[in-house]
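First to last, the protein sequences are chains L and P.
Going by this note's numbering, the first residue of the first sequence is number 33, and it counts up by one from there.
Going by this note's numbering, the first residue of the second sequence is number 79, and it counts up by one from there.
Some hints here could point you the wrong way.
[Said to hold, decoys possible] Short, incomplete list of chain P residues facing chain L, as computed with Cβ under 8 Å:
#  : residue
1  : Leu-245
2  : Arg-248
3  : Ser-265
4  : Asn-267
5  : Gly-277
6  : Ala-301
7  : Gly-303
8  : Asp-304
9  : Asp-476
10 : Glu-479
11 : Pro-482
12 : Trp-483
[As the list claims (entries may be wrong)] Listed next, the in silico SDA-like pairs over lysine to any residue satisfying Cα-Cα at most 20 Å (straight line):
#  : chain 1 : residue 1 : chain 2 : residue 2
13 : L       : Lys-97    : P       : Ser-188
14 : L       : Lys-258   : P       : Trp-483
15 : L       : Lys-287   : L       : Lys-258
16 : P       : Lys-244   : L       : Ile-157
17 : P       : Lys-244   : L       : Glu-155
18 : L       : Lys-234   : L       : Gly-375
19 : L       : Lys-234   : L       : Ala-282
20 : L       : Lys-258   : L       : Glu-332
21 : P       : Lys-480   : L       : Gly-154
22 : P       : Lys-244   : L       : Ala-282
23 : P       : Lys-480   : L       : Ala-153
24 : L       : Lys-97    : P       : Ala-283
25 : P       : Lys-244   : L       : Lys-258
26 : P       : Lys-480   : L       : Thr-185
27 : P       : Lys-480   : L       : Ala-259
28 : L       : Lys-258   : P       : Glu-479
29 : L       : Lys-97    : P       : Lys-244
30 : P       : Lys-480   : L       : Lys-234
31 : L       : Lys-94    : P       : Arg-285
32 : L       : Lys-258   : P       : Pro-96
33 : P       : Lys-480   : L       : Ile-157
34 : L       : Lys-97    : P       : Arg-285
35 : L       : Lys-97    : P       : Thr-310
36 : P       : Lys-480   : L       : Glu-305
37 : L       : Lys-258   : P       : Glu-487
38 : L       : Lys-258   : P       : Arg-285
These aren't lab readings, by the way, just hints derived from the structure by calculation.
By construction, the Cβ of each residue, glycine as well, lies at the ideal position given by its N, Cα and C atoms.
In case you want the letters, here they are:
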Amino acid sequence: MAGIEEEPVSLAEAPVRSLSMIEAINDALDIMLERDPDVILLGEDIGYFGGVFRATAGLQQKHGKTRVFDTPISEGGIIGVAVGMGAYGLRPVPEIQFADYIYPGLDQLISEAARLRYRSAGEFIAPMTVRSPFGGGIFGGQTHSQSPEALFTHVSGLKTVVPSTPHDAKGLLISAIEDNDPVIFFEPKRIYNGPFDGYYDKPTKPWKGHPGARVPEGYYSIPLGKAHTVRSGSAMTVLAYGTMVHVAEAVCRDKGVDAEIIDLRTLVPLDIEAVENSVEKTGRCLVVHEATRTSGFGAELAALVQERCFYHLEAPVERVTGFDTPYPHSLEWAYFPGPIRIGEAIDRLMEA
Amino acid sequence: MTKGEDRKNRPGLSLHVPEPKFRPGDKVDFTHLAIPEAGDQPRPDESCAASETFPLCTDLVRVLDDEGKACGPWDPRLSPDRVRAILRDMALVRAFDERMYRGQRQGKTSFYMKSTGEEATSVAAAHALASDDMVFPSYRQQGVLIARGYPLIEMVNQIYSNRGDKLKGRQLPIMYSSRDHSFFSISGNLATQLPQAVGWAMASAIRHDSRIAATWIGEGSTAEGDFHSALTFATVYNAPVVFNIVNNQWAISSFSGFAGAERTTFAARAIGYGVAGLRVDGNDPLAVYAAQRWAADRARSNAGPTLIEFFTYRAEGHSTSDDPSAYRSAQEREEWPLGDPIMRLKNHLIALGEWTEEQHAEMDRELAERVKAATKEAEENGILGHGLHHPFHTMFEDVFEKLPWNLEEQSEQAIRERNIKWPE
Ligand SMILES: Cc1ncc(C[n+]2csc(CCOP(=O)(O)OP(=O)(O)O)c2C)c(N)n1
Ligand SMILES: [Mg+2]
Chain L
33 MAGIEEEPVS LAEAPVRSLS MIEAINDALD IMLERDPDVI LLGEDIGYFG GVFRATAGLQ
93 QKHGKTRVFD TPISEGGIIG VAVGMGAYGL RPVPEIQFAD YIYPGLDQLI SEAARLRYRS
153 AGEFIAPMTV RSPFGGGIFG GQTHSQSPEA LFTHVSGLKT VVPSTPHDAK GLLISAIEDN
213 DPVIFFEPKR IYNGPFDGYY DKPTKPWKGH PGARVPEGYY SIPLGKAHTV RSGSAMTVLA
273 YGTMVHVAEA VCRDKGVDAE IIDLRTLVPL DIEAVENSVE KTGRCLVVHE ATRTSGFGAE
333 LAALVQERCF YHLEAPVERV TGFDTPYPHS LEWAYFPGPI RIGEAIDRLM EA
Chain P
79 MTKGEDRKNR PGLSLHVPEP KFRPGDKVDF THLAIPEAGD QPRPDESCAA SETFPLCTDL
139 VRVLDDEGKA CGPWDPRLSP DRVRAILRDM ALVRAFDERM YRGQRQGKTS FYMKSTGEEA
199 TSVAAAHALA SDDMVFPSYR QQGVLIARGY PLIEMVNQIY SNRGDKLKGR QLPIMYSSRD
259 HSFFSISGNL ATQLPQAVGW AMASAIRHDS RIAATWIGEG STAEGDFHSA LTFATVYNAP
319 VVFNIVNNQW AISSFSGFAG AERTTFAARA IGYGVAGLRV DGNDPLAVYA AQRWAADRAR
379 SNAGPTLIEF FTYRAEGHST SDDPSAYRSA QEREEWPLGD PIMRLKNHLI ALGEWTEEQH
439 AEMDRELAER VKAATKEAEE NGILGHGLHH PFHTMFEDVF EKLPWNLEEQ SEQAIRERNI
499 KWPE
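Generate the whole structure from the sequences, applying the supplied hints.
Shown next, in the form of structure tokens:
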């Protein structure tokens with residue numbers, strides 16, 4: 033299997049189309065099934081039907097029933113057999129239908145997939161990419177809305193990726209599949225079909241026309257562990273990922289704040305250099321995520337910024353997050369860390 | 079009708095909490111275990127429907143009778159050379175277990191687990207598999223490694239967690255891994271190996287390979303959810319896998335009743351999944367071999383998975399950290415009606431005129447010497463806690479394929495602490 037660095041690809045020459053995130057993910061899976069006979073997709077309803085969000089639509093028809101297939105409703109079983117397939121030499125890409133249902137598979141992920149390379153001193157590895165739609169904003173109630181990324185970033189041996197655009201989703205997913213370590217690939221389902229600026233009462237826009245929706249045809253990869261500067265600025269640094277990149281961007285635009293917005297793209301491994309460089313330049317830092325607050329990934333980011341950039345800071349690091357409650361159904365938008373919560377934090381940062 | 083009124087007239091419920099038949103000091107009588115005659119069990123064709131094996135799930139497949147004669151349709155008719163090889167491997171496992179147990183008591187390592195009395199369930203089973211069939215063991219299948227010729231010194235290095243340990247001192251003693259011997263890395267988390275074995279077997283089938291997977295689990299661990307996931311996936315995809323349940327009656331201090339043994343056999347669970355099931359005398363090496371071979375042939379010919387229950391007895395404590403006299407009667411071991419697998423196979427060979435007491439004693443002496451030599455050699459690489467471990471940096475390797483910045487920083491810290499503690 034070619035490593036990501038070994039194969040530079042010139043995107044300049046590839047024809048570019050406008051794709052939604054779900055189409056970009058489907059495209060990445062299709063390309064990887066084509067390129068690498070070791071790649072296998074498995075999960076609930078992903079085969080004949082093509083997945084409840086259509087991420088695998090058409091792939092079983094194209095690549096056959098032993099490459100793309102449905103599984104029993106058993107997340108522990110799905111991850112468990114994927115560990116065994118990885119040990120055999122395959123490169124499984126299991127789908128967990130919703131991140132909220134990944135918990136029955138946690139033991140196989142934490143105790144097995146994440147530890148296998150270490151405990152066997154490299155004899156056996158579990159090169160799997162667990163794809164799972166995550167996050168709220170679709171009236172999914174508490175069981176179709178969670179953002180459990182911090183449970184995984186806390187585990188040594190797992191990588192955690194969250195894309196924010198169709199372009200990134202495709203390139204990052206390809207890198208994740210090629211990676212020899214287990215990767216948790218969380219897909220923000222709120223932005224599967226269009227970017228979201230946090231104003232839920234305004235009509236939703238499709239991806240078409242958004243610069244992040246310009247997806248080159250064919251194979252390309254975006255290395256894991258490289259953040260993306262969405263926009264440069266000097267007043268403050270905003271660290272975000274997934275849906276919240278778009279919300280933060282809209283708030284900064286509307287408030288006219290000259291913020292530098294960093295889309296982390298990969299939480300583990302983290303692009304610490306990008307974080308340090310930006311905070312040292314701006315002296316102020318806002319961390320935004322949709323997940324619950326206490327022990328969230330924002331706590332890790334705030335601690336890192338404080339440890340490494342303390343003497344550049346002109347204000348305490350601010351965190352904007354979901355509340356420490358289950359994701360409520362009717363009060364979804366009261367829970368969501370939207371423009372008001374972000375706006376207040378920006379004001380506090382600028383006044384300090 | 080008011081709810082409360084209605085309830086008053088109903089009988090009160092009672093909770094059943096299982097209790098083993100014998101506790102410390104109790105006189106042990108195993109006559110309630112109906113042990114059928116050796117040779118009486120029918121042997122269906124390997125390609126039969128799973129449901130046809132149902133009678134065998136409550137029976138007990140036995141080959142060796144009390145006189146040491148092999149009888150009935152399950153007799154695998156092995157050559158005397160093969161039988162001697164199985165005997166020898168079992169005796170080596172026992173000699174190794176004895177020595178390592180003492181090594182732990184002498185402070186050379188932290189922990190050890192014996193498989194005394196259960197040697198046949200791993201050794202004879204390993205002889206029935208192809209050497210490149212992938213095994214997903216639990217922690218009590220050192221017999222598989224030994225039967226596959228894994229060097230004893232590597233086992234001791236791992237147990238001593240020394241600088242010769244191929245696993246770099248990362249795993250608890252006896253949690254071996256050897257890709258070259260198609261022996262999967264052992265996990266401390268019970269039952270996780272079952273769905274993994276199924277996944278490996280599925281991969282082998284996807285690839286039109288000819289190798290199958292075999293996995294072992296203790297009867298207590300069958301209560302885990304992974305057992306159900308594994309059987310479900312195995313039957314759904316007709317995976318070429320053999321599940322071996324080692325029913326040694328005990329899970330640390332909990333008897334098999336806490337995994338449901340009061341109501342049914344472990345083999346019988348196979349039928350509900352549409353998987354073939356066999357209940358086998360686990361102290362009868364020829365029966366173990368025959369059953370494993372039947373299941374392996376079935377899997378290899380795409381006829382489906384098999385669940386085998388080996389009925390046996392854990393003759394010693396759970397591990398070096400356990401004292402079984404606190405929860406079970408010491409008489410159980412002596413009264414166990416299925417005897418000892420090594421003695422039974424030895425008597426069989428002697429009855430055949432293919433072995434003598436003198437040869438056996440000589441073999442035992444030679445194996446004890448071999449084990450001793452291996453431990454001596456391994457001790458040169460260090461014993462646990464005596465400084466001869468792998469370099470500090472190795473603690474940070476293999477978490478990921480490449481070392482990320484945070485682990486690099488943490489490794490510098492660990493090395494700095496070492497230099498402060500032990501300046502050059
Ligand atoms: C998931 C998990 N739970 C609990 C334990 C602790 N534990 C280790 S061995 C054991 C008993 C297992 O008994 P059994 O499955 O019958 O296997 P045996 O020891 O008899 O071979 C327990 C409870 C563990 N290692 N993993
Ligand atoms: Mg047991």
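Run through the hints listed earlier and report the numbers of any the structure violates, in increasing order. 6, 13, 15, 22, 25, 29, 30, 32, 38
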